[in-house]
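S.K.: Using the sequences and the hints, build the whole thing.
2 protein chains.
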Amino acid sequence: MTVKEVYKDYQKYMDKEITIKGWIRNHRKQKEFGFIDFSDGTCFKHIQVVYENQLKDFEKIQKMHVGSSIEVTGKVVKSQGKQDFEISASEVIMVGDCPEDYPIQPKRHTREFLREQAYLRPRTNLFQAVFRIRSVAAFAIHEYFQKNNYLYVHTPLITTADCEGSDQMFKITTLDLNHLEKDKEKKVDMSNDLFGKLAYITGSGQLHGETFALAFNKIYTFGPTFRTENSNTKTHANEFWMIEPEMAFCDLEELMNVEEEMLKYVIKYVLDNCPDEIDFCDGFVETGLKEKLTKLISSKFTRITHKEVIDILKNSKQKWEFEPSYEDDIAKEHEKYITEYFNGPVFITDWPKDIKAWYMKVNADNKTVAAVDLEVPGAGELMGGSQREEDYNTLQARAKELGVDTEAIEWYMNLRKFGGCVHSGFGMGFERLIMYLTGIENIRDVIPYPRTPGNCDY
Amino acid sequence: MTVKEVYKDYQKYMDKEITIKGWIRNHRKQKEFGFIDFSDGTCFKHIQVVYENQLKDFEKIQKMHVGSSIEVTGKVVKSQGKQDFEISASEVIMVGDCPEDYPIQPKRHTREFLREQAYLRPRTNLFQAVFRIRSVAAFAIHEYFQKNNYLYVHTPLITTADCEGSDQMFKITTLDLNHLEKDKEKKVDMSNDLFGKLAYITGSGQLHGETFALAFNKIYTFGPTFRTENSNTKTHANEFWMIEPEMAFCDLEELMNVEEEMLKYVIKYVLDNCPDEIDFCDGFVETGLKEKLTKLISSKFTRITHKEVIDILKNSKQKWEFEPSYEDDIAKEHEKYITEYFNGPVFITDWPKDIKAWYMKVNADNKTVAAVDLEVPGAGELMGGSQREEDYNTLQARAKELGVDTEAIEWYMNLRKFGGCVHSGFGMGFERLIMYLTGIENIRDVIPYPRTPGNCDY
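Residue numbers (our numbering), protein chains in the order written: chain A, 1 to 458; chain B, 1 to 458.
The set of hints was computed from the structure by calculation and includes no laboratory data. Don't take every hint at face value.
No copy is singled out in the list; a pair is fine if it fits within one copy or between any two copies.
Unchecked claim - In the DMTMM-like style, the derived pairs of lysine to aspartate or glutamate whose C-alpha atoms are separated by at most 20 Å in a straight line are: (1) Lys12 x Asp282; (2) Lys264 x Asp329; (3) Lys171 x Glu229; (4) Lys268 x Glu143; (5) Lys314 x Glu143; (6) Lys234 x Glu112; (7) Lys56 x Glu321; (8) Lys317 x Glu335; (9) Lys300 x Glu260; (10) Lys56 x Glu17; (11) Lys197 x Glu116; (12) Lys307 x Glu333.
Since the model is a prediction, treat every value here as computed from it, not as a measurement.
M.R.: Next up, the structure:
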């Protein structure tokens, strides 16, 4: 049976014999007893296994190293320590040995060291917590959207539509890079490649997502995305997961309703289903984490325009590194101030059109677009969304203005011709959410095998 | 409100006024009446909207084309046709027009034609059914594994470990293909690329998955995978989604238990949650589909060795195109015969080691490996799995035998040194499952935007 099952009903197993299989996380040896800190990965909690020198294999067991996999048979008994129970072993069998120089020892390892041991760090408490929360949060997202009748769409990863800016996308090829044939213009001849032309791996599923929203009403994507950004910061990775919902007959107000409801659902689900993991992160990663998350669930998110935000920033009498401006994006320091000012999450709407994407709905003032960023205390921007421009001519004009080639995405443009409607969507970086849920500050520590510039080991 | 909501409780809305937004799928016009076949994509069913010539906009409404998006206000009334109800419209407002030459008309289109209209085909009944089933099946898979305490792991897509055979993987690069610098050996110098070396997009998450299984006990992946295969068949695509569960302390028998239980869970979930979609596929795609699926849920899967299968094939007195052999893989005709012979799904175990992967557990006979393929009636191989070789030296020897370079995956090998254990896993191609669930025979028709050789439009 599993440790999770034992914990769920340990009263029932009291004084009964059970068998568990897992790993030695710590091993304290005394003359008459031994104590094994035992974990099988099925839940955050460990079990203490006690064995006595009356066991015939006592000496053999005492030699078992941290990291070894073992099979333990014994009785569930009341613990003399602070645990609810422990296992009094009648047998401990070595399943898979582990050498004494095993890198993961029961002591504090730095996160930098653990990144270098990426394949072993899931065996530590911190990463048991982080990756369990990641898994549960992913499911909560699926459950929220499915319960609300959204269609889950697998938008393509490989794409030839470079409207997102091909300079930010990885090129893919099956050609031999050492022997590339060139055409008359001395450019590489891609016609021999698998797709007959240059292809990329995508940075967003939004455009494809919109085509499905106009058929299924409400859809979401949840999959990996890629950026070539050569940027070594705590918040950038070259491979990350995104959620991109898209809703037909949905305006900006309704979009914010969805964002707010979804976020609260996911946070509540994680609090309910990962109490031990959250407690651990609260204790060892971000003090006050649990309170922060609990508070968010019952808070009302502020809704305010970009202009109003700039007014507040200008009137604040703060000294800014970056001067707030009605024409510009807001800086990290502004985000921080605004979420503290409202003491909770803030939707900022109606951004200057010049700093936002070409497909966003131009407002009646012809200066701003119906875009919205969600700023949360302590994490900054968590989601970005907009109403999409549904007028064909306006969209064409905007694309031209911003130098977007719409020829390759005629299909996308045509959505505005063939029964178009007001529709909206948003994107949420999944890692950003996990950082918010765990308090972890470096994106490298919420991704199983992070890919960043110069780092693609494992 | 949505069509789904109306259907759920139409008795409650009888004689009440509602407003719905969606698309005209068909439009029949008479002198005194008009009939709009209305769909909003929230469920498979359409609603009939009836409008009379007493409406002031009668003539305007009659001119509305198929494909247009509209907003309808009207009363839910008893239908004079065979429907349970219809809408007697008091107002029909045009939201987004659609030209008369709109490609999707209310008539039978070939699937080949619809593939060329990939962004519009989700608006047809067939693809409403297929992609809803795809979405619901994806959720069922998540739900099954999460309920059973599996950890969902996002294994990396970008990888430098080419143990799966780099000739089958797409290379990715940020370098300018027209200006590649070469090193002293006249090979392309990849050290300037983003990761400092040549990288690929992956064909499997299994190796990374194993590292998490040895920390969390039970894990699964569910994400896109890629193959460069230049093969234009009904069952090959260059981008597809895979589910790869991996369980520690799990042998081949237990692995089969999981495969069987999971498959039954998913099929039952889809039957329960997509009754209209399954009925449609039963009627228009594969006659007997529903019975096939229903039968599978209650059937006991046969478990039989490869040797026993060959015995049966040899004794069958059939004329084979490919002669069955104890040393070889089985052909499509054999799969078909065996599933018909047992009249249900068949697990075939203990395959000749020479035709299977290097990481599979070598059996005591040193001739076979503890691998298992699941064959299902009408679809052939649906899942492939194995116990993994847990002995370090045997694994090294097998890798050497099969020319696998283990240097780049030392971490994978080390799992056998650091508390290893019996562990097993399987892979299921998600598209293969959707083809089985819908009766669709061409993989291009179960993927939103399929990628096959020469085809990467949209």
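S.K.: Taking the hints in turn, state whether each one holds.
M.R.: Okay, the hints, checked on the actual structure:
1. In the homo-oligomer, the alpha carbons of Lys12 and Asp282 never lie at most 20 Å apart, since the shortest distance is 31 Å inside one protomer and 48 Å across protomers.
2. In this homomeric assembly, Lys264 and Asp329 never come within 20 Å of each other (Cα to Cα): the closest approach is 26 Å inside a single copy and 52 Å across copies.
3. When the C-alpha separation of Lys171 and Glu229 is checked against a cutoff of 20 Å, the pair qualifies both within a copy, at 13 Å, and between copies, at 18 Å.
4. Taking the shortest alpha-carbon separations for Lys268 and Glu143, both the intra-copy value of 12 Å and the inter-copy value of 18 Å come in at or below 20 Å.
5. For the identical chains of this complex, Lys314 and Glu143 are neighbours neither inside a copy (42 Å) nor across copies (49 Å), given an alpha-carbon limit of 20 Å.
6. For the identical chains of this complex, Lys234 and Glu112 are intra-copy neighbours only, at 12 Å inside a copy versus 47 Å across copies, given an alpha-carbon limit of 20 Å.
7. Taking identical chains as interchangeable, the C-alpha atoms of Lys56 and Glu321 are never at most 20 Å apart, the minima being 70 Å within one chain and 62 Å between chains.
8. For the homomeric pair Lys317 and Glu335, the shortest alpha-carbon distance inside one copy (16 Å) is at most 20 Å, but the shortest distance between copies (77 Å) is not.
9. In the homo-oligomer, the alpha carbons of Lys300 and Glu260 lie at most 20 Å apart inside one protomer (9 Å), although the nearest pairing across protomers, at 46 Å, exceeds that limit.
10. Within a single copy, Lys56 and Glu17 get their C-alpha atoms as close as 18 Å, which meets the 20 Å cut-off; across copies the closest is 81 Å, which misses it.
11. For a Cα distance limit of 20 Å, the shortest separation of Lys197 from Glu116 across copies, 18 Å, qualifies, whereas the shortest one inside one copy, 38 Å, does not.
12. Taking CA atoms no more than 20 Å apart as the test, Lys307 paired with Glu333 passes inside one copy only; the shortest distance there is 17 Å, against 69 Å between copies.
When the structure is compared with the earlier hints, violations turn up for hints 1, 2, 5 and 7 and for no others.
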